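Trainee: What follows is the residue order along each chain.
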Amino acid sequence: MSAGTGQPPGAASEVRVEDLSPGAAMLHRVDERFFAFEKLLNYISALVILGIMVIGTVQVIGRVAFRQPIYGYSDMIEQIMTVFAFLAIAYTQRLGGHVRMELILGRMSGRVLYFFEVIGTLCAIGIIVILAYYGYTHFLRAFEFGDTTIDVNMPIWPSKLMVPLAFSVLIVRLFIQLVGFLRLFMHPNEQMIGVPRMETVDDMAQAEIDAGLAGEAEKVDIVNRSGGPA
Amino acid sequence: MDELTVGILVTVGLLFAVFLGVRVFVAAAIAGMVGLVAMIGWDAGAGIVGTIPHSKSANYVLSVLPMFILIGFIAFHAGLTHSLFNAAKAWVGWVPGGLAVASVFATAGFAAVSGASTATAAVFSRVAIPYMLEYKYDRRLAAGVVAAGGTLASLIPPSAILVIYAIIVEESVGALILAAFIPGVISAIIYAALIIAQCWMKPELGPSVPSPPLMERIKTLPGTLPIVAVVVIIFSAMMMGWATPTEAGSLGASVILAIALVNGMKWASLQEALMETAKLTAMIFSLIWGVLIFVRFLGFAGLPEAFATWIVGLPFPPIVIMIFILLGYAVLGMFMDAIGMLLLTLPVVYPAVVALGYDPVWFGIIVVKMCEVCLITPPVGLNCYVVSAVRPDIPLGDVFKGIFPFFLADAATIGLFLAFPGLILWLPSLIGA
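So the protein sequences, as listed, match chains A and B. Number 114 in this note's numbering belongs to position 114 of the first sequence; there are no gaps in the numbering. Number 100 in this note's numbering belongs to position 100 of the second sequence; there are no gaps in the numbering.
Rather than coming from a laboratory, the hints here were simulated on the basis of the structure. Careful, some of the hints might be misleading.
What follows is a list of derived Cβ distance ranges for each label pair [claimed, not checked]:
{"id": "1", "chain 1": "A", "residue 1": "D19", "chain 2": "B", "residue 2": "A268", "range": "26 to 36 Å"}
{"id": "2", "chain 1": "A", "residue 1": "S21", "chain 2": "B", "residue 2": "I323", "range": "53 to 63 Å"}
{"id": "3", "chain 1": "B", "residue 1": "G328", "chain 2": "A", "residue 2": "K219", "range": "31 to 41 Å"}
{"id": "4", "chain 1": "A", "residue 1": "R111", "chain 2": "B", "residue 2": "G302", "range": "36 to 46 Å"}
{"id": "5", "chain 1": "B", "residue 1": "A268", "chain 2": "A", "residue 2": "Y71", "range": "29 to 39 Å"}
{"id": "6", "chain 1": "B", "residue 1": "I323", "chain 2": "A", "residue 2": "F145", "range": "45 to 55 Å"}
{"id": "7", "chain 1": "B", "residue 1": "Y60", "chain 2": "A", "residue 2": "F145", "range": "14 to 24 Å"}
Derived, one-sided and incomplete: chain A residues facing chain B with beta-carbon distance under 10 Å [to be verified]:
{"id": "8", "residue": "I55"}
{"id": "9", "residue": "F84"}
{"id": "10", "residue": "I104"}
{"id": "11", "residue": "M198"}
{"id": "12", "residue": "I209"}
This structure is a prediction, so every number in the text was calculated from the model and none was measured. Glycine residues also receive a C-beta, built at the ideal position from the N, C-alpha and C atoms.
Sequences and hints are given; from them, build the entire structure.
Mentor: As structure tokens, then:
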């Protein structure tokens with residue numbers, strides 16, 4: 001099972017655009033543009049996390065030192081946390097960051113592998129479409145009834161809206177991925193475009209090394225150094 | 001079809017999908033959805049399922065996760081790894097295998113600001129191994145101690161995995177955080193004792209290094225103060241309840257961020273750390289609500305109770321069953337990462353463990369320790385792999401040979417916790433008092 005954290009595998013830098021057919025080039029452009037949008041959403045989520053850190057610090061110092069807690073702190077956190085819970089879901093999908101088990105998949109290749117990737121993507125589209133729809137009705141009820149939080153009466157609907165919004169972005173991402181895998185199913189030897197690459201042990205190790213050596217001057221690049229540890 | 005049959009069929013279907021590589025959050029959500037719809041119809045089933053992602057995610061308790069993850073990512077920028085190793089070297093370098101023992105205590109100290117086991121092993125490969133090799137330490141010992149020391153990161157709070165366990169089994173996050181402290185320290189002490197014993201019998205493995213004068217030693221301490229600050233913040237908040245885990249995590253992250261900025265962390269690096277935090281957070285939340293959809297279905301099907309009844313009815317003493325459960329985790333851990341493994345198995349395994357009479361907090365610590373052991377055992381042993389990747393002069397085979405004694409030490413540590421549950425439960429029991 002893997003939860004990748006590296007750069008987008010198969011992203012712009014790795015694709016030889018000049019070798020692509022017009023259709024594939026189009027898919028590549030769509031993938032890149034959409035990834036830029038997903039990255040922006042992840043960035044917003046990241047800033048909210050930073051904000052939560054600042055608010056939490058102010059809250060605890062204010063309460064302990066000055067007996068002056070932030071009004072409605074925990075309600076506020078509960079409402080805003082759906083941003084970082086959901087907004088980066090498509091970005092994570094693009095990078096292959098959602099946990100899965102690659103024990104069997106990792107031994108497949110070519111058409112068989114892409115067949116199972118197509119099936120997996122279709123499964124994801126099916127459930128996320130349902131969840132997006134029912135998430136939307138869940139939001140609509142809160143919006144129409146004007147539901148609010150218990151403590152300080154904040155409206156709940158914005159936080160509930162986050163779910164169908166983020167899921168809609170994920171659905172678009174999954175469709176791009178579906179087209180990508182269908183293309184590979186038909187032409188297994190073509191370049192990988194618009195799909196997360198299978199994560200090798202080297203990729204996992206590289207992500208951990210990047211995190212661990214983030215504060216060090218000298219980095220380690222095992223992917224470009226003939227295949228990791230001996 | 002009765003409910004239990006539906007439960008078993010859907011669970012088998014879920015495992016099948018996971019083995020075929022469907023993302024775990026997708027597979028779990030589909031399984032829960034299909035099962036609920038089969039039992040209570042489309043409208044009621046889909047209606048329930050549709051509310052779960054939001055209702056389970058908008059939960060204040062979960063907001064501690066990004067704080068703990070963020071501390072972990074920023075801590076690598078704060079220069080703490082070098083300060084810790086220098087301090088540990090100055091204070092314990094004189095014992096047999098002193099630099100290796102120093103590595104253990106430095107990783108244990110760093111674990112107090114990091115939950116990232118493998119990344120910790122990576123950075124200490126850079127910080128500690130060169131010193132050990134310079135003093136002619138055995139290569140395997142040097143690599144083994146760093147790979148093993150890394151595993152302390154998930155055990156010693158803050159660590160996301162403890163929080164995830166607490167959420168899935170609906171235990172207090174604070175209790176888990178407190179419970180993990182003593183086992184983390186004991187693990188470190190057992191590692192240190194192992195090194196001292198090895199190097200005492202075979203001094204060529206790792207010589208002691210002379211201690212600098214007292215004043216020099218004292219000068220190494222200020223560099224480690226941020227760690228002390230974070231430990232004090234998090235543990236005193238949990239013990240005395242002056243802050244929630246999220247608040248304590250926020251304050252801890254602010255302290256570490258301030259140190260990192262002083263240490264020269266740039267906005268670009270902070271952005272990168274934040275982006276990684278956001279991504280990991282999205283991954284964990286997706287898993288949590290996905291698995292909780294499945295858990296809702298399991299409740300309807302009565303599967304956990306049925307499994308617990310079956311387990312309790314087995315003609316073996318609880319300790320034997322517990323050992324088998326732990327061996328099961330050791331095997332699963334070869335193929336799955338820790339978070340995925342825990343989330344998939346706990347909904348069914350946990351009620352059975354409680355029915356056997358084991359304490360939920362105690363089991364949490366044992367299971368997290370098991371997950372850590374899986375990071376140092378073949379076939380992958382990601383910590384070993386990373387050490388060898390950062391130090392290409394130490395082949396993977398040598399790292400595995402070097403880690404073997406630590407693996408035995410871990411087995412002994414788990415045995416110790418099985419025999420004396422009080423080692424884990426004493427600290428959290430104080431908050432009840």
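Trainee: Hint by hint, note whether the structure agrees.
Mentor: Hint check:
Judged by the Cβ atoms, the range 26 to 36 Å given for D19 (chain A) and A268 (chain B) holds: they are separated by roughly 33 Å. For the pair S21 (chain A) and I323 (chain B), the supplied restraint of 53 to 63 Å holds, since their beta-carbon distance comes to about 58 Å. Range check, G328 (chain B) to K219 (chain A): about 38 Å between beta-carbon atoms, so the 31 to 41 Å window is met. For the hinted restraint 36 to 46 Å between R111 (chain A) and G302 (chain B), the CB-CB distance of approximately 42 Å keeps it satisfied.
A hinted range of 29 to 39 Å holds for the C-beta pair A268 (chain B) and Y71 (chain A), which are about 35 Å apart. Between I323 (chain B) and F145 (chain A) the C-beta distance comes to about 53 Å, which sits within the given range of 45 to 55 Å. With their beta carbons about 22 Å apart, Y60 (chain B) and F145 (chain A) fall inside the hinted range of 14 to 24 Å. Interface hint status for I55 (chain A): upheld, as the beta-carbon distance to the closest one in chain B is roughly 7 Å, under 10 Å.
Among the interface hints, the one on F84 (chain A) holds; its C-beta lies about 5 Å from the nearest C-beta in chain B, closer than the 10 Å criterion. This hint holds: I104 (chain A) has a C-beta 6 Å from the nearest C-beta of chain B, less than the 10 Å allowed. Look at M198 (chain A): its Cβ gets to within about 9 Å of chain B, closer than 10 Å, so that hint holds up. Residue-level restraint check for I209 (chain A) holds (minimum Cβ-Cβ distance to chain B is 5 Å; threshold 10 Å).
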